[in-house]
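> Sequence:
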Amino acid sequence: MIQLDWRPDTDSAIPVYQQIINTFIQHIQTGDWPIGGQLPSQRQLAEQFHVNRSTISKAMTTLLSDGVLTTAFGGGTRIASNSWSTMIQQPVDWQHYIDSGEFEANQETIQRINEVETQTKIRLSTGEIGPELFPVDLVQKAMKQAAAKLTNLNYLPPMGSQALREAIVSRLANWGIETTAENVLITSGSLQSLQLIAVSLLAQGATVYTTPASYLKSLRVLQSVHAHFKSLPTDGEGLQYWHIAAEDRQRLLYVIPTFDNPDGEVMSRQRREDLIQYAQERQLPIIEDSAYQDLWLDTRPPQPLKALDTAGNVLYLGSISKSLAPGMRIGWIVGPQSIIKRLADVKMQTDYGASSLSQMVLTEVLNDADYDQYLNRLRQQLKRRRDHAVTVLKRELSSVATWQIPAGGFYIWLTLASKINVQRLFNVAAQAGVLLNPGSVYGKGAQQNVRLSYAFADETVFERGIKVVAKLISDQLSAE
1 MIQLDWRPDT DSAIPVYQQI INTFIQHIQT GDWPIGGQLP SQRQLAEQFH VNRSTISKAM
61 TTLLSDGVLT TAFGGGTRIA SNSWSTMIQQ PVDWQHYIDS GEFEANQETI QRINEVETQT
121 KIRLSTGEIG PELFPVDLVQ KAMKQAAAKL TNLNYLPPMG SQALREAIVS RLANWGIETT
181 AENVLITSGS LQSLQLIAVS LLAQGATVYT TPASYLKSLR VLQSVHAHFK SLPTDGEGLQ
241 YWHIAAEDRQ RLLYVIPTFD NPDGEVMSRQ RREDLIQYAQ ERQLPIIEDS AYQDLWLDTR
301 PPQPLKALDT AGNVLYLGSI SKSLAPGMRI GWIVGPQSII KRLADVKMQT DYGASSLSQM
361 VLTEVLNDAD YDQYLNRLRQ QLKRRRDHAV TVLKRELSSV ATWQIPAGGF YIWLTLASKI
421 NVQRLFNVAA QAGVLLNPGS VYGKGAQQNV RLSYAFADET VFERGIKVVA KLISDQLSAE
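Numbering (the UniProt record's numbering), first residue to last: 1 to 480.
These are computed hints drawn from the structure, not numbers from a lab. The reader is advised that the hints may include incorrect statements.
[Claimed, not checked] No more than 20 Å apart at the CA atoms, straight line, and that leaves these computed lysine to aspartate or glutamate pairs for DMTMM-like:
(1) Lys383 <-> Asp368
(2) Lys144 <-> Glu459
(3) Lys141 <-> Asp372
(4) Lys383 <-> Asp458
(5) Lys121 <-> Glu463
(6) Lys383 <-> Glu132
(7) Lys467 <-> Asp368
(8) Lys394 <-> Glu459
(9) Lys383 <-> Asp298
(10) Lys144 <-> Glu128
(11) Lys121 <-> Asp458
(12) Lys383 <-> Glu463
(13) Lys121 <-> Glu132
Just so you know, these numbers come straight off a predicted model, no measurement behind them.
Work the whole structure out from these sequences, hints included.
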């Protein structure tokens, strides 16, 4: 859908309908609007331009008759592929190139979330800590310490800063993961870690097993190898790994065993031990995403899968995005040295390394004793926010939704009553200034779910947002 950020000048001597025509032609000439791109409806255009529907109709009629636009039943109004007259240069058909690219477009819902997230007043879905939770003093101190040691900002070694990798190794030991700096690769966040694994290690058509509702399904990161997703059933202890088919040509398991995104589930220690034994017996590779591992709210979770891995089956993904700052764009992969070297080589071919400055600053943060104190405070603050969120949900939505209380992480996974249209709720909530994450982006079986985050919005804002959502649900149900 073509996006427009323009309004006609009502004080101009040029008639408004002609201004609309001129603006449309200009965008088509410059290639801003690709051939085949769909325009909003005439009603939407009239509302955005603050003009009468008849004015829009007059402009559109001219553009349609001249061949600039075309219409098709059920397909809306689109930019035509033919030139409208010799007075206008035929633009490059950029849509042809877009369609030829390797990456498919994100789901429309995810595109919408990405477009409006930073502008939305009430963000009930954002997977970040709120600005007021950010440790300004700690990071400023680390930046000053890094600046004092700064001699250049050149490229770092392929695997990343030696000092940062050693700091990560030291912290992993607290979770029972015994490794070395040579087994650690610094990446530009977990998303790049997944991309590197996809292009470096997976064959075309590989099968990726994951939970029914999975963060991985909200991404297009494995599309370069045309991976096939298969969902595994879950129970109270975690995913049921024994349903993995042995006959798949190439298969791997992606799992967030600690505070899964989006449903917040925690895999039991026994299930972790059994899974590792199963993986070793069947040579099953596992990608373990540990993004929320440090963010327990009640009791410390079991050891990571990587701590139990003695055969090198697990590629362990870490990140600073959830516990500190996604804007630093720093993540890491822990695995066998042969794999790490291969991934490092591919990374150097794509971006020549993550930010040198971010790595220097993060090294200072991780080596600072105040970082552990910050994590303790953060867990306390998140626990308070979670408890308040549950109280608000019980009061406002208990008649139309169910949920489990998460033991850590950021999210509450709501299941709404079947009579509620979740996609419609998402749309009207966005219009009302409240951003939700509908469950459909995490899997086909999550059409009645909504992911809420208690990490970003403070208690007052969260409560205000839930009241808006409750009112919108009530309005939807009363209209049917």
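> Please go over all the hints and tell whether each is borne out by the structure.
Right, here's what the structure says about each hint:
Proposed proximity of lysine 383 and aspartate 368 is contradicted: the alpha carbons are some 24 Å apart, above 20 Å. For the suggested pair lysine 144 and glutamate 459, the alpha carbons sit about 33 Å apart, so the restraint of at most 20 Å is broken. About 15 Å separates the Cα atoms of lysine 141 and aspartate 372, which keeps this hinted pair within 20 Å; it holds. Between lysine 383 and aspartate 458 the CA atoms are separated by roughly 12 Å; this keeps the pair inside 20 Å, and the hint holds.
Taking the CA atoms of lysine 121 and glutamate 463, the gap is about 13 Å. The hint holds against a cut of 20 Å. For the proposed pair lysine 383 and glutamate 132, the alpha carbon gap of about 15 Å is at most 20 Å, so the pair holds. For the given pair, lysine 467 sits about 41 Å from aspartate 368 by alpha-carbon distance, which is inconsistent with the 20 Å threshold. The hinted pair formed by lysine 394 and glutamate 459 meets the criterion: a straight-line CA distance of about 15 Å does not exceed 20 Å.
Between the alpha carbons of lysine 383 and aspartate 298 the distance comes to roughly 8 Å, so the proposed pair stays at or under 20 Å and holds. Taken as a hint, the lysine 144 and glutamate 128 pair is broken in the structure, with Cα atoms around 24 Å apart against an allowance of 20 Å. In summary, the hint linking lysine 121 to aspartate 458 is supported, as the alpha carbons are separated by about 12 Å, within the 20 Å threshold. For the proposed pair lysine 383 and glutamate 463, the alpha carbon gap of about 16 Å is at most 20 Å, so the pair holds.
A C-alpha spacing of about 16 Å is found between lysine 121 and glutamate 132, which places the hinted pair at or below 20 Å, so the restraint holds.
Of the numbered hints stated above, those contradicted by the structure are hints 1, 2, 7 and 10, listed in ascending order.
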